[in-house]
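A.B. asks: Sequence:
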Amino acid sequence: MQYPAIHQHDASDCGPAVLAMVAAYYKKRVSIARIREAAGTDRRGTNLAGLSSAAEHLGFEARAVRASREAVEQIPLPAVAHWREANRNHFVVLYEASPKRVIIGDPASGLRHLTPEEFHKNWTGVLLLLTPTPRLGDLVRSKSPLDRLFSLLLPHYRLFLGALTAAVLITILSLTSSFFIQALVDVVFVLGRTPPLNWLGLGMLVVTLARASFLELRSYLLAHLSQRIDAETVLNYHRHLLGLPLTFFYSRRTGEILSRLNDAIKIRVAIGATTLSVIVDSFLVVTTAAIMTWLDWRLTLRSLLLVPALAGILWLLNKPMKRHQRTAMERAAELEAQIVETIGSIQTIKAFRAEPRIQLRAEARFTEMQEASFRSQQLALHSTTLSSLMVGLATLSLLWFGGHSVLAGALSVGQLMAFYTMLGMILVPIERLANANQSIQDAIIAASRLGEILELNPELSRQGANALDQPLKGSLEFQNVTFRYGSRSPVFENFSLRIGPGECVAIVGESGCGKTTLVNLLARFLEPASGRILIDGVDVQDYTFECLRREIVFVPQEIVLLNGTIADNIRLGRPSATAAEIRAAAQLACVSEFVSRLPYSYDTLVGERGLALSGGERQRIAIARAILLNPSILVLDEPTSHLDSQSELAVQALIDRRRGSRTTIVISHRPLNAGRLIDLDEKHLFAGAAMTQPSS
1 MQYPAIHQHD ASDCGPAVLA MVAAYYKKRV SIARIREAAG TDRRGTNLAG LSSAAEHLGF
61 EARAVRASRE AVEQIPLPAV AHWREANRNH FVVLYEASPK RVIIGDPASG LRHLTPEEFH
121 KNWTGVLLLL TPTPRLGDLV RSKSPLDRLF SLLLPHYRLF LGALTAAVLI TILSLTSSFF
181 IQALVDVVFV LGRTPPLNWL GLGMLVVTLA RASFLELRSY LLAHLSQRID AETVLNYHRH
241 LLGLPLTFFY SRRTGEILSR LNDAIKIRVA IGATTLSVIV DSFLVVTTAA IMTWLDWRLT
301 LRSLLLVPAL AGILWLLNKP MKRHQRTAME RAAELEAQIV ETIGSIQTIK AFRAEPRIQL
361 RAEARFTEMQ EASFRSQQLA LHSTTLSSLM VGLATLSLLW FGGHSVLAGA LSVGQLMAFY
421 TMLGMILVPI ERLANANQSI QDAIIAASRL GEILELNPEL SRQGANALDQ PLKGSLEFQN
481 VTFRYGSRSP VFENFSLRIG PGECVAIVGE SGCGKTTLVN LLARFLEPAS GRILIDGVDV
541 QDYTFECLRR EIVFVPQEIV LLNGTIADNI RLGRPSATAA EIRAAAQLAC VSEFVSRLPY
601 SYDTLVGERG LALSGGERQR IAIARAILLN PSILVLDEPT SHLDSQSELA VQALIDRRRG
661 SRTTIVISHR PLNAGRLIDL DEKHLFAGAA MTQPSS
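Counted the way this note's numbering counts, the sequence shown spans residues 1 to 696.
Keep in mind the hints are simulated off the structure, nothing from the lab.
Just so it is clear, the structure is predicted and the values come from calculations on it, not from any experiment.
One or more hints might be untrue.
To be verified - Label pairs and their calculated CB-CB ranges:
#	residue 1	residue 2	range
1	Trp315	Pro458	33 to 41 Å
2	Glu216	Glu355	48 to 56 Å
3	Pro320	Glu510	47 to 55 Å
4	Leu611	Asn480	40 to 48 Å
5	Leu605	Asn89	22 to 30 Å
6	Tyr157	Gly409	45 to 53 Å
7	Trp315	Gly615	57 to 65 Å
As the list claims (entries may be wrong) - Calculated lysine-lysine pairs in the DSSO-like style (CA-CA distance at most 27 Å, straight line):
#	residue 1	residue 2
8	Lys143	Lys28
9	Lys319	Lys143
10	Lys100	Lys121
11	Lys319	Lys28
12	Lys143	Lys27
13	Lys319	Lys27
Every residue, glycine too, gets a C-beta built ideally from N, C-alpha and C.
Full structure from sequences and hints, please.
C.D. replies: What follows is the structure, encoded as structure tokens:
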């Protein structure tokens with residue numbers, strides 16, 4: 001039996017990939033990204049509880065067990081086995097277990113045939129038993145990579161058909177050269193007739209000019225098609241990224257997300273030039289072979305005898321080539337992720353003299369990528385070499401047997417020359433088809449990787465059709481709220497809290513106790529595992545995202561500014577704000593103090609992520625941004641961590657000015673003067689009391 005083998009996109013994907021394999025075993029195609037979402041996979045991977053939850057979401061009955069060596073041969077298969085290799089936790093699919101052999105589906109390397117001893121050496125004894133239920137039949141299948149490629153091409157079918165028509169006409173015009181050569185040899189050279197030569201020359205001139213015109217048209221249409229596909233894949237991907245929930249970005253590395261843009265380029269190449277080439281070359285091969293068969297089927301058969309053998313060899317090379325290409329693309333994504341991380345952490349790396357270690361790590365990932373790429377290129381080279389060998393042998397066969405036919409009087413010299421020309425017109429496209437294999441496989445893998453992201457539901461899919469969009473008064477209530485990241489341990493359980501409209505509350509607690517997580521639940525950046533969150537007595541799920549993000553404004557602890565001017569960053573939430581409004585907000589946040597010293601004032605560029613400014617200056621701009629919006633609910637996360645004493649007083653003045661009319665939540669280890677102190681400890685509400693700023 002042929003067992004499905006689905007490869008992980010990166011090291012954290014092994015859990016979702018094994019469930020995708022088990023689903024494929026039962027003839028259900030499910031994307032790894034969908035399973036990641038259901039399993040709560042993060043950058044550290046997936047635990048067994050998350051896998052079990054995702055399996056039940058798909059329609060399986062899941063049961064985690066610890067089994068003995070003897071019991072493995074008796075359990076219902078396929079099952080998920082917990083694996084430990086090279087000191088790393090991993091999941092594999094156990095497809096077959098007998099006293100003689102064990103077959104597993106490894107997301108990192110594909111199907112593996114092991115001896116029982118090899119299997120038990122790495123198996124930890126833990127299995128996840130999966131039994132399909134009727135709900136599995138209701139599972140919506142994910143699109144195949146070929147479906148995705150076709151759906152990208154379909155909106156531009158007119159351009160593609162135009163380019164295809166031009167290419168077919170070019171092919172037909174090219175075929176006329178064979179008959180020109182036949183007539184030239186048999187009529188002009190052999191019979192010595194001069195008049196036909198002039199007519200033949202004139203005819204070929206017309207054909208050459210027409211062929212050049214169609215070549216120009218085809219190139220223009222292909223360039224236009226490539227531009228359209230580029231825009232659709234890259235811009236749609238970017239638009240889809242902006243619409244995904246925050247948890248998507250928490251669970252993936254930046255480089256991995258960026259690597260999908262490279263996938264979009266591979267898709268464009270395959271859909272444009274490669275797809276057209278495959279169709280036209282196939283048409284050329286079939287048409288030319290039919291003409292050759294009509295002229296002399298015996299000679300055609302002898303010339304093309306090796307073509308089926310070549311096709312069979314290419315088909316055999318296809319599977320390992322695809323595997324190595326996928327591995328190379330995954331390693332390239334990992335390398336890109338590391339480079340992005342290195343650039344973002346360069347000051348820390350230099351401060352701790354970690355450059356040699358970081359370089360070694362990059363070299364190791366680059367070597368892995370190069371090895372996989374080299375293996376793929378080797379197979380592609382074998383394919384090209386075999387194609388060249390076939391061309392040489394087919395040409396030799398034609399000249400050998402064709403020469404005998406000419407000597408026997410069964411074939412004229414002109415017909416042999418026409419055959420020779422047409423054979424070249426068959427063999428060259430066959431070579432191109434063989435070489436196109438790698439580009440097509442690249443595109444299929446790229447479409448799979450890109451499609452995994454595009455299949456994820458955007459935030460707006462969680463918004464009800466009748467969701468409210470209205471001004472808020474600022475009354476907040478948490479009712480028995482429990483939250484966990486994915487399937488990890490809860491950050492807090494059964495948390496309850498009430499905050500009145502216009503109240504100023506300070507939330508304190510040890511690092512990691514869930515202070516920032518708590519307020520992120522308000523604007524639905526995160527979703528609770530259980531419990532309800534009410535604003536003005538209405539569940540947050542009944543408000544639009546637009547309303548929540550407009551009425552609840554955050555000043556985060558880590559301030560990141562967008563590359564642009566200071567004014568652009570202050571007006572980020574209100575693009576229509578006037579210069580006077582921007583200056584008024586900046587004055588209250590003490591931004592004007594340092595802006596007045598800058599040569600371009602509010603038009604000064606802040607640099608990438610705002611790194612041209614100090615931490616305190618960035619924080620003041622973030623506070624000015626919040627003041628400009630004047631939200632119903634303001635959340636200040638460590639608002640004075642980068643500020644001097646004078647700026648702290650400005651923040652305190654902001655809090656005092658909002659008191660009684662607007663709700664303010666301050667997260668701080670050193671809270672400013674607030675009406676109430678909420679101390680988060682051991683994931684429960686520990687205390688709540690009126691407090692004042694201690695004297696210094």
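A.B. asks: Given the hinted pair Lys319 and Lys143, is their Cα-Cα distance within 27 Å?
C.D. replies: Given that 27 Å is the threshold and the Cα spacing comes to 21 Å, the pair holds.
A.B. asks: Look at the Cβ atoms of Leu611 and Asn480 and judge whether their distance stays inside 40 to 48 Å.
C.D. replies: Cβ of Leu611 to Cβ of Asn480: about 42 Å, so the range 40 to 48 Å holds.
A.B. asks: Are the Cα atoms of Lys143 and Lys27 separated by 27 Å or less?
C.D. replies: holds, 13 Å
A.B. asks: Hint says 57 to 65 Å; check whether the CB-CB distance for Trp315 and Gly615 agrees.
C.D. replies: holds, 60 Å
A.B. asks: For the pair Glu216 and Glu355, does the Cβ-Cβ distance stay inside 48 to 56 Å?
C.D. replies: Holds, since Glu216 and Glu355 (Cβ atoms, about 53 Å apart) stay within the stated range.
A.B. asks: Go ahead and decide if the range 33 to 41 Å is satisfied by the Cβ distance of Trp315 to Pro458.
C.D. replies: holds, 40 Å
A.B. asks: Between the beta carbons of Tyr157 and Gly409, is the distance compatible with 45 to 53 Å?
C.D. replies: The hinted range 45 to 53 Å holds for Tyr157 and Gly409, with Cβ atoms some 51 Å apart.
A.B. asks: Taking 27 Å as the top limit, are the C-alpha atoms of Lys319 and Lys28 close enough?
C.D. replies: holds, 21 Å
A.B. asks: If you draw a straight line from the CA of Lys100 to the CA of Lys121, is it 27 Å or shorter?
C.D. replies: holds, 15 Å
A.B. asks: Can you tell me whether the CB distance of Pro320 to Glu510 sits inside 47 to 55 Å?
C.D. replies: holds, 53 Å
A.B. asks: Has the hinted range 22 to 30 Å been met by the Cβ atoms of Leu605 and Asn89?
C.D. replies: For Asn89 against Leu605, whose Cβ atoms are near 46 Å apart, the range 22 to 30 Å is violated.
A.B. asks: Mind checking the alpha carbons of Lys143 and Lys28 for me, to see if they're no more than 27 Å apart?
C.D. replies: holds, 11 Å
In summary, the structure is inconsistent with hint 5 from the numbered list given earlier, while agreeing with all the others.
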